[in-house]
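Number of protein chains: 2
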Amino acid sequence: MERIYATYWLETGDDPAHAAEVIAGEQSSGTFVALPTETPELKARAGARVEHLEVLGHSAQPSLPTPAPAPSGRYTQVRLTLSWPLANLGPCLPTLMATVAGNLFELRCVTGLRLLDLQLPPAFAQAYPGPAFGVDGTRHLSGVAHGPLIGTIIKPSVGLSVAETEQQVQLLVDGGIDFIKDDELQADGPACPFDERVRAVMRVVRQAADKLGRQPMVAFNLTGNLDQMKRRHDLVLAEGGTCVMACLNSIGLVGMTELRRHAQLPIHAHRAGWGYLSRSPQLGFDYGPWQKIWRLAGADHLHVNGLRNKFSEADDSVMAAARTVLAPVMESAPMTAMPVFSSGQTGLQAQDTFDGLGCADLIHTAGGGIFGHPGGVAAGVQSFRDAWQAAQEGVPLAQAAQQSPALRQALEFWR
Amino acid sequence: MERIYATYWLETGDDPAHAAEVIAGEQSSGTFVALPTETPELKARAGARVEHLEVLGHSAQPSLPTPAPAPSGRYTQVRLTLSWPLANLGPCLPTLMATVAGNLFELRCVTGLRLLDLQLPPAFAQAYPGPAFGVDGTRHLSGVAHGPLIGTIIKPSVGLSVAETEQQVQLLVDGGIDFIKDDELQADGPACPFDERVRAVMRVVRQAADKLGRQPMVAFNLTGNLDQMKRRHDLVLAEGGTCVMACLNSIGLVGMTELRRHAQLPIHAHRAGWGYLSRSPQLGFDYGPWQKIWRLAGADHLHVNGLRNKFSEADDSVMAAARTVLAPVMESAPMTAMPVFSSGQTGLQAQDTFDGLGCADLIHTAGGGIFGHPGGVAAGVQSFRDAWQAAQEGVPLAQAAQQSPALRQALEFWR
Numbered sequence: 278m279e280r281i282y283a284t285y286w287l288e289t290g291d292d293p294a295h296a297a298e299v300i301a302g303e304q305s306s307g308t309f310v311a312l313p314t315e316t317p318e319l320k321a322r323a324g325a326r327v328e329h330l331e332v333l334g335h336s337a338q339p340s341l342p343t344p345a346p347a348p349s350g351r352y353t354q355v356r357l358t359l360s361w362p363l364a365n366l367g368p369c370l371p372t373l374m375a376t377v378a379g380n381l382f383e384l385r386c387v388t389g390l391r392l393l394d395l396q397l398p399p400a401f402a403q404a405y406p407g408p409a410f411g412v413d414g415t416r417h418l419s420g421v422a423h424g425p426l427i428g429t430i431i432k433p434s435v436g437l438s439v440a441e442t443e444q445q446v447q448l449l450v451d452g453g454i455d456f457i458k459d460d461e462l463q464a465d466g467p468a469c470p471f472d473e474r475v476r477a478v479m480r481v482v483r484q485a486a487d488k489l490g491r492q493p494m495v496a497f498n499l500t501g502n503l504d505q506m507k508r509r510h511d512l513v514l515a516e517g518g519t520c521v522m523a524c525l526n527s528i529g530l531v532g533m534t535e536l537r538r539h540a541q542l543p544i545h546a547h548r549a550g551w552g553y554l555s556r557s558p559q560l561g562f563d564y565g566p567w568q569k570i571w572r573l574a575g576a577d578h579l580h581v582n583g584l585r586n587k588f589s590e591a592d593d594s595v596m597a598a599a600r601t602v603l604a605p606v607m608e609s610a611p612m613t614a615m616p617v618f619s620s621g622q623t624g625l626q627a628q629d630t631f632d633g634l635g636c637a638d639l640i641h642t643a644g645g646g647i648f649g650h651p652g653g654v655a656a657g658v659q660s661f662r663d664a665w666q667a668a669q670e671g672v673p674l675a676q677a678a679q680q681s682p683a684l685r686q687a688l689e690f691w692r
Numbered sequence: 278m279e280r281i282y283a284t285y286w287l288e289t290g291d292d293p294a295h296a297a298e299v300i301a302g303e304q305s306s307g308t309f310v311a312l313p314t315e316t317p318e319l320k321a322r323a324g325a326r327v328e329h330l331e332v333l334g335h336s337a338q339p340s341l342p343t344p345a346p347a348p349s350g351r352y353t354q355v356r357l358t359l360s361w362p363l364a365n366l367g368p369c370l371p372t373l374m375a376t377v378a379g380n381l382f383e384l385r386c387v388t389g390l391r392l393l394d395l396q397l398p399p400a401f402a403q404a405y406p407g408p409a410f411g412v413d414g415t416r417h418l419s420g421v422a423h424g425p426l427i428g429t430i431i432k433p434s435v436g437l438s439v440a441e442t443e444q445q446v447q448l449l450v451d452g453g454i455d456f457i458k459d460d461e462l463q464a465d466g467p468a469c470p471f472d473e474r475v476r477a478v479m480r481v482v483r484q485a486a487d488k489l490g491r492q493p494m495v496a497f498n499l500t501g502n503l504d505q506m507k508r509r510h511d512l513v514l515a516e517g518g519t520c521v522m523a524c525l526n527s528i529g530l531v532g533m534t535e536l537r538r539h540a541q542l543p544i545h546a547h548r549a550g551w552g553y554l555s556r557s558p559q560l561g562f563d564y565g566p567w568q569k570i571w572r573l574a575g576a577d578h579l580h581v582n583g584l585r586n587k588f589s590e591a592d593d594s595v596m597a598a599a600r601t602v603l604a605p606v607m608e609s610a611p612m613t614a615m616p617v618f619s620s621g622q623t624g625l626q627a628q629d630t631f632d633g634l635g636c637a638d639l640i641h642t643a644g645g646g647i648f649g650h651p652g653g654v655a656a657g658v659q660s661f662r663d664a665w666q667a668a669q670e671g672v673p674l675a676q677a678a679q680q681s682p683a684l685r686q687a688l689e690f691w692r
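Top line first, the protein sequences correspond to chains A and B.
Just remember that the working numbering sits 277 ahead of the position in the first sequence, which is counted from 1.
Just remember that the working numbering sits 277 ahead of the position in the second sequence, which is counted from 1.
Just so you know, the hints here were simulated from the structure itself, not pulled from any lab data.
You can't tell identical chains apart in this list, so a pair holds if it fits in one copy or across any two.
Restricting the straight-line Cα-Cα distance to at most 20 Å, the calculated cross-link-like pairs of lysine to aspartate or glutamate (EDC-like) are: (1) Lys-587 / Glu-298; (2) Lys-488 / Asp-451; (3) Lys-587 / Asp-629; (4) Lys-320 / Glu-298; (5) Lys-320 / Glu-441; (6) Lys-488 / Glu-516; (7) Lys-587 / Asp-292; (8) Lys-320 / Glu-279; (9) Lys-507 / Asp-472; (10) Lys-488 / Glu-443; (11) Lys-507 / Glu-473.
Let's have the full structure, built from the sequences with the hints guiding it.
So, in structure tokens, the structure goes:
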């Protein structure tokens, strides 16, 4: 019988084997009291199973507050793998969430719980489409055959009028940019309405495409209710646009599934809110299992923060996240998506990003690193691109800068 | 100009006034670097504003790990209210989430951040319908004019066949129950398919209604993709059912909004996963602002845990949560929903629940407290109901038990 496997970091003041059984029970056929109807046959058929339990360490204090302190005064950290029969829920992502990440974080025997990994049976890849475009489709639509998509985010995030947004995009496409995205705060506010923004921006982008022979990709943030998202998608498509963006935690799994079903364009998936899911190391989610669910649902591009970023995430976490986005969802269904690096990025991170990822199938966005270039936006884009060229060829930046005036200037203000 | 107000508990190793400005900037027109395009006019128009900042205390250690320890070695906890112009986003719940709970929890200056309150302008109540049934509609459909809906959850959560589920429901409706719900793990798995379950259960429920003169309400868990949820809702409606249930964190805001748009039945909203949003006191959400968003989207019933529950939540948090569900979403739009108490509940919690809430507009579910009654399920329901009757009349349980053999027996095993 096909099973679902979830691996957790667990901390408990109980005997870990007992805590593991409690969690397995709570998330399947058991409950707080023994029921005569939970027969051995039923338990064998529907019960979650403790597959693996490995003690990692101990501490004298609980990571998260508990109303039931350990009588022993000792808390144990373990790596725990549970499994569920697929027959309990079928290949349904929303019910998968309730099963592997439902009412278990608040159990009394839990003083820390984080989902580290998720292995799903092939039925999920039959029930969900995965990304429609991924790396290849994105390269095809953007005309960037090799190397990263050199990108940026329209800033200020909100507050620009439609005309000001258009001007900024004009500068960027004239500068040779590959990829532009809306900020997650900019969707369809009355101060910069979506429809007007798309029409104005696409006019500029289409003109640029005529000159460049390739069309810069613009991810328009269509986050909203379903009818709004569909209508906005159709407008982007009608205007010749090649990408739409949605905030995953804002729209939820049903929103993403429906958007994917409707969309004829790549879906740029923003993870705004990821902090509340992950900032406590003892609670919530690692990026690996989380992004897998959204790739099944159809995300083409997934944000992963960036090396030496301006947030609190460490570089190893960023790189691990990015690698999971390129790793197969399952052996039989790769569903590869494209990692998006952002936050305080410049050409200085190109080499380490390339080395860490092992390839250049990514979108790399810089703001200040492009706009701050003393030679202007075109020089900003060129320097970022030259830094990536050097990274891919293994040439040190200082050496590459000898051939590139734009890069030479950039090295003076990137830091 | 209409504004959105969000209040946070914030901890920072920076000067709190500076941290507040950074957060306000990041979530509106600012970014990590100063941009010439962020003019004073733009900032005045689109910037988030620090409305209130109150220092609560200090500590020598950060609550959440940070790569940027406070140079002063001191972390300050504050209560912070920010406001945003509605014009930035319009009355859009998904973009509201990205705005008030987006990329801010992971900011470097933040070592703890929790959303405590949310005040929305009337435009949101014009854009979203709120619950279609709420307290009055639920009372009407269930035929329970006064007092709580006495309820239970089908257990084991998963593993029962359709026939076994039907048998359990038969026992419960024969016993006079008001409300029954599926477990959040039980949606449409092949082991107990939704359609067959609904048909079998509703056959029993309709027969019971003929006898009782009122129809027990059954919340069928239709959590799934949108087309599945709509189809399942229609089946419940066609079979004469009076409630559907969905897991909010599983389906997301778009799912809920679409379900509400389609539904002709009350939506019983389950909060599975609430633990990952709230278990760390220094991260995530209080229940107040969170439930407000889901009520705007259309939740009729909202889970709030229960007093002296089997999870880790304290009683004062449970009661505060329940009260927010009955409090108006805004002055001009009450959108009252019904709190659902569950987890280790019996008649022993009736008095404190009633006193804490100030009314009996609630659903109270018990499992073992009903099924464990030595006199059978009917006696279990009767004793729970009698305990509530006593609570509402201010009669001590021991005294009420003198008039109720079922309650007398129950007092011997409830604990």
